[in-house]
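Colleague: Line order of the protein sequences matches chains A, B and C. Following our numbering, the numbering of the first sequence begins with 1 at its first residue and continues without gaps. Following our numbering, the numbering of the second sequence begins with 1001 at its first residue and continues without gaps. Following our numbering, the numbering of the third sequence begins with 2001 at its first residue and continues without gaps.
Because the hints were derived from the structure by calculation, they are not lab data. Just so it is clear, CB atoms sit at the ideal spot from N, CA and C, and this is done for glycine as well. Keep in mind that a hint or two might mislead.
[Said to hold, decoys possible] Quick list of the computed label-pair ranges, beta carbon to beta carbon:
no.: 1; chain 1: B; residue 1: Phe1023; chain 2: C; residue 2: Glu2011; range: 32 to 40 angstroms
no.: 2; chain 1: B; residue 1: Ile1051; chain 2: C; residue 2: Val2009; range: 31 to 39 angstroms
no.: 3; chain 1: A; residue 1: Ala149; chain 2: B; residue 2: Ala1031; range: 49 to 57 angstroms
no.: 4; chain 1: C; residue 1: Asn2108; chain 2: B; residue 2: Ala1020; range: 15 to 23 angstroms
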Amino acid sequence: MHPGGGPAHAHGHDDHHELGFWRKYVFSIDHKVIGIQYTITGLLFLLFGFTLMMIMRWQLAYPGRPIPLIGMWLGQDRAPMGIMLPEFYNQLGAMHGTIMVFMGVVPLAVGGFGNFVMPLQIGAPDMAFPKLNMVSYWVYFLGGMTMLASFFPKGGAAQSGWTSYPPLAVIAPGQTMWLIGMVFLITSSLLGSVNFIVTIVQLRTKGLSWMRLPFFVWAQLVTAFLLLLAFPPLEAAGVLQLMDRLAGTSFFMPSGLVISGKPMLIAGNGNPLLWQHLFWFLAHPEVYVLILPAMGIVAEIIANNTRKPLWGYKALVYSVSFLGFMSFVVWAHHMYMTGMGTTMSAFFQTTTMIISVPSVVILTALLLSLWGASIRFNTPMLFALAFLPMFGIGGLTGLPLGLAPSDIHLHDTYYVIGHFHYVVAPGTIFALFAGVYYWFPKATGRKMNEMLGAIHFWGSFICINIVFMPMFIQGLGGMNRRMYDGGMQYAHNKELLKYNVIIGMAAWTLGLVQIPFIINFFASMKWGKVVDKNPWQATTLEWLAPSPPGHGNFVTAPVVYRGPYEYSVPGAATDFSPSFEEKA
Amino acid sequence: MHSDQESIKKTIRAYWMIGAALFMFTAITVAVNQVHLAVPMAITVALIIAITKGSMVASVFMHLSHERKWIYGALILTVIGFIVLMTVPMFTMMDHIGTPIRVAAPAVEHGGH
Amino acid sequence: MSMEIPYIVEERPDTGLTNGKLGIWLFLASEVMLFGALFSTYIILRMGAPEWPHGELNVWLGMANTFILIASSVTMVMAWASLKLGDFGKHRLYLLGTFLLSAAFLVNKYFEYSSHWTRGELPSHSTFLAIYFTLTGLHGLHILGGMIVMAYFLGPGAKLYTKNPGQFTNRIEYTGLYWHFVDLVWIFLFPVLYLL
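Could you build the full structure based on these sequences and the hints that come with them?
Modeller: See the structure below:
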């Protein structure tokens, strides 16, 4: 892809010198290049995090058996004779979560799609602060490298869960680099969120009023506010935990702590719950950061492939805004088991139930958009359609977790794992795949192959359900999470462990089925079918720019004449009336 | 906002006056502290003075008193988030089930570990 | 339309904002949450402590620093006002004054910190000292950051004034907003840590 190569640039300036390789492809300040950098890095981290999980699944399916293929290469302190040590399992678990959430999904959804698509969709020449954008990417990259490097020192990577609860996280190995990596990643997100909000507020082109914005842009705006206001407390908490580890402070370390029979010589009077509050204050809005861009992507693709306007645009906008606001007051539903009294527990249960309403409104609006539609079943649409029931399952299974009485039984079991994976994996990640197939032609000028896309979709859809559906059964049966052998010593787990075999097989098959996607992604860049600027006959602004867009995106500043989803307008010549064309 | 010399000069006068007021309130806050009030009262008085000083800095130095809607909107959201962050964790710890266990901190010479 | 980003110097008509103005306020919003988390930490730790120390900090030094920082806020806003009046020389004087006052603040802090360290009062000693060092330390880092930006605008960054005075003036305004925020945090830090 050569984002600088399109025929688009206007010559209003005298600074049209050709940029060298480093300024054009590596330290570029062009949002499209940065978006592609985020996308490729994010996809690579997703693949790596997925690989960690595939190794974990071996241990769960066949506890104590040597890991095939790579077992002998892992070394004595991870897997002596190829058999996984519990410490290594914990590292895999903690890093799988961290990498997928902070280095995979969010950079891809926000850094990748947000950066590439959003300025195009609002008719802007670039982001408001292009140099800041570049800095955001490289700080993310540094954070990612720090996280990867954390596997190598003695003691290994972080192994106290992606949640890093003290006191364990303060005394366990691997956390220091994890915390430093997190500080980098959080800083990158903060800088990015400022950029996104200013760009959307200030750089909308002429005629693009708020209620004419594509839903994708609304979703990115709310997401940016969540990142802006919710991340700083975790950054502060990360520094505090670093001080507990390195400076001997007791922010989170209680008095009277005894470890392996020896009392800890610290000042004490710290509070482990303080970490939980500061962590979840971010981490709950974080899960909405994971889902909102995905909803935005799905909305765009559904509107385009139903050849109808989205049902309930206003409801979608109000719901997503309300959702963002509510996400700040529900966090302690992750903490029902910490000894909270009934008053505060009732408060959080109430807010959690309330927040499910806008999610349902959004899902319903997207479902109703299918009514009476002329559906085109291309690859992006397959993934977008699958998102709907998958997100539905994920959301519904959240309800018993959001209510304290049922949460008592389900907390920290595989039910939780099933719940959140349904939302993020066949939910968000499917939406991200849909986005890749949908916007690939804009970025490269070529379409991805439909046959490979179909194999990727059906394979993934079937396997991913086989992976996560049994987890609800395991969780309801009381099987706890984060146990390196699945919990073999507990009698209540005996009947449940057998599911781990089929889950493992489905997970490895799911891995295999990503290969057609990887091949498709790279091969189509060279040999994909060449397309013009609007191959999907879409109505939003990004399809006015050339494929790929040149520096500055649009030859002349576009003007918006109507709403974003004017499909099948009665009396129009074609079944789509682009927002950038004066005549319908 | 300011675009002509006269109004800028008037605002400059305001800056110096606010500066003097801030000095005065600082002295007051230290003086009040010398009177040993009960803790809840002391906290209330200190916070009131601090909020007064802060509002002066925000509205005059940072010209928040005539800013735009978008800035107000972002700040209102932030203030709500700030208040939630200040109060809710405290409430969850005040409202707890069971009997709290009190453990005396072990005697620590230099706090090393 | 070329690749130029609009609304760097002139305001966008419907929002009334420049990009940088909105950007710096959003950044300050995130900073409110950052310091907010530390204030929340202070509250929780104080609630959980059997006793909270008093008299360990030097109130007079803290008060002196408060005066210094307030004065620096005045000089900072004057640095911007001078630009609006077109007086570049006065602007540089006031900006230098702000820089020197900030340095004085940090020198005082250095004396404070070293007096604690020599008496063995380290962050690991008690939760009070831990939160004191963290809050003032983070605040001090912000002062340092501000000084670096000021040094840039006193030094190589001043060239922008001749090329694009409007943009330079705006950048000084944004620096000022950041600086007043740093002052604002100290206005709360001082009574909370030193007095209460």
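Colleague: Indicate, hint by hint, whether the structure satisfies it.
Modeller: Right, here's what the structure says about each hint:
The beta-carbon spacing between Phe1023(B) and Glu2011(C), approximately 34 angstroms, falls within the hinted interval of 32 to 40 angstroms. Hint check: Ile1051(B) to Val2009(C), Cβ distance near 35 angstroms, so the stated range 31 to 39 angstroms holds. A C-beta distance of roughly 54 angstroms is found between Ala149(A) and Ala1031(B), which places it inside the suggested range of 49 to 57 angstroms. A C-beta distance of roughly 22 angstroms is found between Asn2108(C) and Ala1020(B), which places it inside the suggested range of 15 to 23 angstroms.
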